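Visitor: Residue numbers (this note's numbering), protein chains in the order written: chain A, 939 to 1256; chain B, 294 to 607.
Among the clues, some could well be false.
Claimed, not checked - So these bits of chain A aren't anywhere near chain B, every CB distance computed over 12 Å: (1) Phe973; (2) Thr1012; (3) Ser1021; (4) Arg1139; (5) Pro1159; (6) Arg1175; (7) Asp1196; (8) Thr1198; (9) Leu1238.
As the list claims (entries may be wrong) - To spell it out: a stretch of chain B is covered by chain A in this simulated footprint if at least three of its residues, at any positions, have a beta carbon under 8 Å from a beta carbon of chain A; those stretches are: (10) 372 to 380; (11) 392 to 398; (12) 570 to 580.
Simulated from the structure, these hints should not be mistaken for lab results. Predicted model only: the values in this text are computed from it and were never measured. Backbone N, C-alpha and C fix where the C-beta goes; we use that ideal spot for every residue, glycine too.
What follows is each chain in one-letter form.
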Amino acid sequence: MTSIDSAASATGPGFSSQLLEASSRRYGEKAIGVFLAACAVLSVAVTTAIVVSLLVPTIDFFRQVSFEAFFLDTTWAPRQATSRFGVWPIVVGTLNVVFWALLVAIPVGLASAIYLSEYASARARKTIKPVLEVLAGIPTVAIGLFAFFAMRPAAAALLPFLDWSSLWSVGVAGVAVGLMTVPLVASISDDAMRAVPAALREGGYGLGATKLKVSLRIVFPAAISGIIASIVLAGSRAVGETMVVLIAAGRTPALTVDPTRSVQTMTAYIAGTATGDIPTGTLDYNTIFAVGTLLFAATLVLNLVAIRLVRRFREVYE
Amino acid sequence: MAADPITPTTGRTRLATTGARRATEAALMSANGRDRLIGMVFQALLLLGLSVALFMLAALLVWSLVEGAPRLGPELITNGPSTVRPAEAGFRTAILGTLLVVGGVVAVIVPVGVGAAIYLEEYANRDRWLNRLIELNIQNLAGVPSIVFGILGLAFIVRGPLNLGFVAAAGSLTLALLVLPTVIIAAREAIRAVPPSIREGSLALGATRWQTIRRQTLPAAMPGVLTGVILAVARATGEAAPLLLVGAVTFVTFNPNFFEGGYSTLPVQIFNYSNRAQDEFRVLAMAGVIVMLGLVLLMNSFAVWLRNRFERSW
């Protein structure tokens, strides 16, 4: 700032040390700078507020319920007469959703990314990318209803040998969440693969490699940190997705790996329980926050891993 | 020694070049056979993957239209909600609630989001730990599940320090915090894309830092900033999960007020209707989905159009 000021005044007549200082104090400029900095710091305040508002009731929760009862029990029945707080059924419910989501998002997302970055013409890219962005912008309530009313009956018709007696199905919900995260995987992986320098591809072609080999053996490995980051982020999205699992996976806590069964996820528990006016400080209220803390911690770890990986590919090639 | 490599004259070099050509042709020939087939199969698989995603999108849109069509009409928007008469119930209060909530979101995210982006791009010194912390923090906040923002809203805005109660303002603030990282990240990209020469020119003419930002940098970055804001607003319009925690589930038959009384929004009202057993409510919910998708897709495509229209390389 000072160097720019002095450079500007140096061009003026009568170059003297007095002119090197701003002609007025410019309190307005300073105030604006402070306001802008405050806006940026607000984001840190939000994170702090999240952590504080999660931790305080969580500590209360663990005063009433022991760590063993939370992490070692396998029954989740927090609102029963004899409450049990074993968190595993809802954790496994979430993992079920993540598993089915990634099973869809990884192949579909990566196929889309490789096609967009290596095969598609510039014109095809220009049409397909916005369409994928539209898919990313569909409200999750709509996806949940589609999964529940359209995809579940379709799956039951396609796979009649499975037991579809339950109205809710974790497999269908997971697949729907997976489709929802396809644009995320496709767009980050596409960015990572396009950041691979053309010289690497040309080297491959120069040695006589086919397009397939260049794509899979040169570009894909060179972009691997970005590709893994996209998958980790999709996992994080699947862990945190609420409406789709609330509508399509149901609210029955169950330790199961059966895709046609109903399960409760961590997010569905929070959304299902906190709907309605729960008095502050009760065990019900604190349980929501304990589960929320677990959810926040899980996504925080996944996000930090993904941010690290994305930085790595940016550092190497950009 | 100095012979032209393209037109070799001596017998030995000619032998070498034909050998090289043979080898290359042999390598390329194999690509014409088996490898070409494998390549085509691979490309077909890639296209299959892509079309799965596009097909699901098309199926969702068509299915919502077909399911909700019987209830499409002006009374869908003008009628209030009802738990007993699904044939006449509409989304008036929910749509008004959405407008209130989203209006509040815009009022918060535009100054704060753009302000934070300007600070990070134009003022912040990257080497200072505080600024690096802010950057990392914004990237992480963008990935925090929306329901966690609902918990924050419940503990911090509805109750706790702000104590607003279950009102539209609380929902608005909760959603604003949720979409703020999106706005900041998009606005930063847009501001970064403005070439330094524009700033330097302005500063060299004697403009102050803020004058330069307000009259040069921001106008040049405006399309990108707007795109980010519209995408964030679209997301806030369709978001339901955090609002479940901050009071939007109340069944309101009266027009909502920003600072007092219950409120609901379009996606939450859709969720409520879809929970009811009768088929009429399901059709009503799907008609609501059409309205919501129409709104959200309109905003999204406007944002994409805006970006493509004003995309320029300096």
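Visitor: Please check whether the beta-carbon of arginine 1139(A) is more than 12 Å away from every beta-carbon in chain B.
Guide: 15 Å, holds
Visitor: Does leucine 1238(A) sit more than 12 Å from chain B, CB to CB?
Guide: Violated, because the least Cβ-Cβ distance between leucine 1238(A) and chain B comes to about 7 Å, which does not exceed 12 Å.
Visitor: For serine 1021(A), which was marked as not at the interface, is the minimum beta-carbon distance to chain B over 12 Å?
Guide: 20 Å, holds
Visitor: Holds or violated: is the Cβ of phenylalanine 973(A) farther than 12 Å from all Cβ atoms of chain B?
Guide: 6 Å, violated
Visitor: If we take the beta carbon of aspartate 1196(A), is the closest beta carbon in chain B still more than 12 Å away?
Guide: It holds; aspartate 1196(A) is separated from chain B by about 24 Å at its closest Cβ, greater than 12 Å.
Visitor: Do three or more residues from the region 570 to 580 of chain B put their C-beta atoms closer than 8 Å to C-beta atoms of chain A?
Guide: Result for this restraint: holds, n = 3.
Visitor: Would you say the region 372 to 380 of chain B counts as covered by chain A, given the rule of at least 3 residues with C-beta under 8 Å?
Guide: violated (count 0)
Visitor: Given as covered by chain A, does the region 392 to 398 of chain B meet the bar of three residues or more with CB within less than 8 Å?
Guide: violated (count 0)
Visitor: If I take the minimum Cβ distance from proline 1159(A) to any residue of chain B, is it greater than 12 Å?
Guide: 16 Å, holds
Visitor: Looking at arginine 1175(A) again, its CB stays over 12 Å from all of chain B?
Guide: Violated, because the least Cβ-Cβ distance between arginine 1175(A) and chain B comes to about 8 Å, which does not exceed 12 Å.
Visitor: Is the Cβ of threonine 1012(A) farther than 12 Å from every Cβ of chain B?
Guide: Threonine 1012(A) clear of chain B: closest Cβ-Cβ about 24 Å, beyond 12 Å.
Visitor: Threonine 1198(A): least C-beta distance to chain B exceeds 12 Å?
Guide: Non-interface label on threonine 1198(A) holds, nearest chain B Cβ at 20 Å vs cutoff 12 Å.
Figure legend: structure checked against the earlier numbered hints; hints not met, in rising order: 1, 6, 9, 10 and 11.
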